[in-house]
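Model the full assembly from the supplied sequences, consistent with the hints where possible.
Residue numbers (the UniProt record's numbering): 1 to 855.
Treat the hints with care, since some could be wrong.
[Said to hold, decoys possible] The calculated EDC-like cross-link candidates involving lysine to aspartate or glutamate, where the alpha carbons are at most 16 Å apart (straight line), are:
| hint | residue 1 | residue 2 |
| --- | --- | --- |
| 1 | LYS344 | GLU355 |
| 2 | LYS253 | ASP399 |
| 3 | LYS15 | ASP296 |
| 4 | LYS3 | ASP24 |
| 5 | LYS123 | GLU18 |
| 6 | LYS253 | GLU448 |
| 7 | LYS620 | ASP592 |
| 8 | LYS631 | GLU504 |
| 9 | LYS733 | GLU706 |
| 10 | LYS701 | GLU657 |
| 11 | LYS744 | GLU695 |
| 12 | LYS73 | GLU124 |
| 13 | LYS386 | GLU367 |
Honestly, the hints are just simulated from the structure, not real lab data.
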Amino acid sequence: MSKHLVIVESPAKAKTIEKYLGKDFEVMASYGHVRDLLPKEGAVDPDHGFRMNYQVIERNEKHVERIARALKKADSLILATDPDREGEAISWHLYELLQERGLLEDKETQRVVFHEITQRAVKEAIEHPRGLSWELINAQQARRALDYLVGFNLSPLLWKKIKRGLSAGRVQSPALRMIVEREQEIERFVSREYWTLDALAAKDGEGFTARLQVLGGHKLDQFDIASEDDAEQARQTLTQAAGGRLRVAKVEKKQRRRNPAPPFTTSTLQQEASRKLGFSASRTMRVAQQLYEGIDLGTGPIGLISYMRTDSVTLANEAIQEIRGLIAQRYGQDKVPDSPRTYKTKSKNAQEAHEAIRPTSVQRLPEELKDHLSQDQRRLYELIWKRTVACQMIHATLDTVAAELEAGGPEHVFRATGSSVRDPGFMAVYREDQDDAKVESDERLLPELSEGEQVTLNEVQADQHFTEPPPRYSEASLVKALEEHGIGRPSTYAAIISTLLQREYAELVNRRFIPTDIGRIVNTFLTQHFTQYVDYDFTARLEDELDEISRGEKEWIPVMEGFWQRFSEQVKEKEATVTREEAVQARELGTDPKSGRPVTVRMGRYGPFVQIGTKDDEEKPRFAGLRPGQKMDAITLEEALALFKLPRELGETPEGEPLLVNIGRFGPYVKFGSRYASLGKEDDPYTIELPRALELVAERKRLDAERFIQSFDEEGIRVLKGRYGPYITDGNKNARVPKDREPKDLTLEECRELLAAAPEKKGRGRKGATAKKSAQSADKGDGKTADKGTGKTTGKKKAATGKSSTTTAKAKSGTGSRGTTAKGKTTASAKGKGGKTTAKSAAKSATGRSAGASR
1 MSKHLVIVES PAKAKTIEKY LGKDFEVMAS YGHVRDLLPK EGAVDPDHGF RMNYQVIERN
61 EKHVERIARA LKKADSLILA TDPDREGEAI SWHLYELLQE RGLLEDKETQ RVVFHEITQR
121 AVKEAIEHPR GLSWELINAQ QARRALDYLV GFNLSPLLWK KIKRGLSAGR VQSPALRMIV
181 EREQEIERFV SREYWTLDAL AAKDGEGFTA RLQVLGGHKL DQFDIASEDD AEQARQTLTQ
241 AAGGRLRVAK VEKKQRRRNP APPFTTSTLQ QEASRKLGFS ASRTMRVAQQ LYEGIDLGTG
301 PIGLISYMRT DSVTLANEAI QEIRGLIAQR YGQDKVPDSP RTYKTKSKNA QEAHEAIRPT
361 SVQRLPEELK DHLSQDQRRL YELIWKRTVA CQMIHATLDT VAAELEAGGP EHVFRATGSS
421 VRDPGFMAVY REDQDDAKVE SDERLLPELS EGEQVTLNEV QADQHFTEPP PRYSEASLVK
481 ALEEHGIGRP STYAAIISTL LQREYAELVN RRFIPTDIGR IVNTFLTQHF TQYVDYDFTA
541 RLEDELDEIS RGEKEWIPVM EGFWQRFSEQ VKEKEATVTR EEAVQARELG TDPKSGRPVT
601 VRMGRYGPFV QIGTKDDEEK PRFAGLRPGQ KMDAITLEEA LALFKLPREL GETPEGEPLL
661 VNIGRFGPYV KFGSRYASLG KEDDPYTIEL PRALELVAER KRLDAERFIQ SFDEEGIRVL
721 KGRYGPYITD GNKNARVPKD REPKDLTLEE CRELLAAAPE KKGRGRKGAT AKKSAQSADK
781 GDGKTADKGT GKTTGKKKAA TGKSSTTTAK AKSGTGSRGT TAKGKTTASA KGKGGKTTAK
841 SAAKSATGRS AGASR
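In structure tokens:
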């Protein structure tokens with residue numbers, strides 16, 4: 001019988017902690033959150049004190065049962081989940097469930113927290129337990145309720161006014177706005193030309209370069225030399241004035257100090273791992289979680305880093321002393337500053353974890369752990385280790401020199417700069433402005449120059465430049481921008497980015513965010529009609545209020561009331577007054593020269609499309625979907641009209657079959673007679689010509705011949721080789737060939753009987769849609785028609801089987817959204833893509849946050 005039952009989130013963490021506590025303790029995992037909001041409208045009830053309605057997460061119910069059985073045999077319960085709001089909420093939810101079952105009446109229940117999983121930290125936490133923190137629980141309660149109410153009210157509005165399947169989130173929407181506004185800034189940007197002039201000089205055969213600063217007595221601004229003619233004229237003037245020599249008018253020598261960067265927070269770790277390792281934010285957090293929870297180093301698992309969700313840059317005193325000792329031992333006592341370096345966080349709300357991210361012991365050198373770590377783990381641990389050690393080292397000392405060189409007199413001045421590293425200090429271990437993979441230095445040396453001496457001018461070189469727009473956001477720069485604006489918190493950055501990509505509001509191209517057409521439309525709708533709720537300052541103030549709740553400075557229900565009343569009124573007002581036509585932001589491109597009707601581009605149920613005409617015309621409008629890579633904001637009238645050139649007639653096959661090219665559900669194809677051949681990736685349906693089409697047809701016929709067994713042409717019945725064996729088809733139905741029959745010996749009568757007995761193909765398209773064969777199905781050799789629609793699921797949505805409960809605000813309730821995959825965020829949606837309920841989405845519905853309530 002276990003004396004103490006300890007609960008953590010993950011099995012990896014449980015395994016590590018159990019090693020430290022001994023036989024009197026049994027450590028079990030909850031596998032993330034055990035309870036969450038009902039995934040439907042009404043889970044948060046603003047009319048009754050924001051009452052929260054919960055249910056057990058279906059996939060974790062078995063873990064709750066295991067914990068309940070183990071608790072019956074234990075004397076006490078120790079809740080040891082993570083030291084933040086999420087961890088507090090997990091402990092509280094489990095406590096509530098076990099209390100409902102009457103399992104805690106004679107048990108002592110304690111809450112313990114630690115910021116690193118080491119033997120010392122775990123045992124010290126066990127010796128200093130506390131109760132549940134209602135401040136943290138209620139902060140999570142408010143955050144979860146806000147995200148739910150925003151999502152479950154804004155998302156349906158987006159469905160009605162734009163297209164089904166969309167979502168809006170309290171934090172994701174301002175992040176989307178950042179990406180869209182940056183793209184608009186890039187599109188508005190007008191590049192300007194400018195030129196620079198450099199003197200290629202030398203002293204005693206040692207070359208160096210100096211940049212022109214003063215021309216004709218005038219200190220140059222960026223655009224003072226704006227054309228090639230201006231540059232050439234200046235070059236001739238300087239060359240003539242200098243006469244092949246430059247005079248050293250002034251030399252300045254200084255020493256400059258460079259201080260190390262502070263230790264990592266969640267945000268800076270994600271930024272540096274992106275820049276130096278190429279990690280996404282979610283990948284960084286996943287690997288950091290593994291390092292935190294414990295790695296087996298041969299004698300059992302041990303946590304290698306402190307808790308990785310933090311915005312604090314402070315270090316524990318014992319950690320600082322260990323780091324200083326390692327620096328003295330490994331790099332020399334002279335690399336240890338006289339007193340420890342202290343850092344202060346820029347965030348006034350850094351409260352959830354009391355330390356920066358650091359190794360639990362810097363004596364565990366990266367090179368000594370490499371055999372026990374995966375490549376990702378090794379690289380991230382090394383990054384954390386280097387940054388932590390460097391932050392307690394002495395500054396780097398650089399010698400800098402700047403020289404002014406005159407060309408013929410003080411009216412023409414060039415400036416040369418150089419530097420050398422006198423003492424690398426912390427830079428011997430880590431530097432923020434350099435990739436670890438590169439070996440570079442700050443040294444840009446100049447020859448020894450003395451005031452009044454002459455140096456050789458070999459050439460004046462003119463270079464053309466153009467101003468560039470601001471760069472698109474990378475994951476690193478987006479995280480930095482979110483942090484600077486106060487949007488989101490350490491645990492949410494990765495989830496924000498993942499949501500934007502999963503919703504297809506933005507895409508990553510060359511590791512930079514580009515908004516999609518639907519992302520732009522959603523952002524336009526929200527910024528026009530819900531301006532306050534995508535305002536950066538408003539979002540940041542709301543985050544501050546949530547932090548104030550976590551510190552016990554505010555009550556959560558008044559915060560909710562202050563938000564909900566105005567928000568709900570605005571949702572109702574927009575639902576009544578905003579039409580779908582103005583919400584989808586149709587853009588008129590011009591007039592179709594053939595019909596004289598307007599040409600517009602707009603967003604439809606299945607994506608962006610071009611329309612010729614209007615619904616009020618006597619003749620029905622014509623439609624064509626945009627091609628991959630085409631954007632609603634950029635497509636021209638000429639490009640739009642080209643979309644209506646399909647289908648194109650190319651001619652005939654040698655057998656006299658008509659050839660045409662078109663784009664179908666599964667991509668572009670060539671049709672010959674009643675058969676199809678897919679175009680290759682390099683083929684363009686708008687430009688492909690007859691010779692290439694005939695090549696594709698020949699290849700299609702060759703593949704068909706390999707599949708052909710026999711045919712009864714008079715009835716259109718064929719016996720073919722398929723992916724799963726031989727089968728019979730008449731183009732409408734398929735029938736398998738019995739195993740005891742030889743396909744080539746089948747008679748027409750047998751084929752008729754087998755086809756008659758075969759089940760009808762399930763129509764999965766819209767009513768009235770006709771099934772067409774496509775080249776894709778023909779390529780697969782299954783003989784099935786391939787122009788299939790997307791069908792509705794006929795089975796009932798599987799309901800969550802866990803026990804549901806209702807907790808009122810007065811009971812100090814709270815909830816979280818952490819799932820079971822390395823404590824990552826879960827998503828709970830009762831709606832599949834396009835708003836249809838699917839078995840998969842129904843299963844997800846019991847697991848966590850809904851699509852409508854995504855951040």
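- Message: To test your reading of the hints: which numbers does this structure violate?
- Response: Those not satisfied are hints 9, 11, 12.
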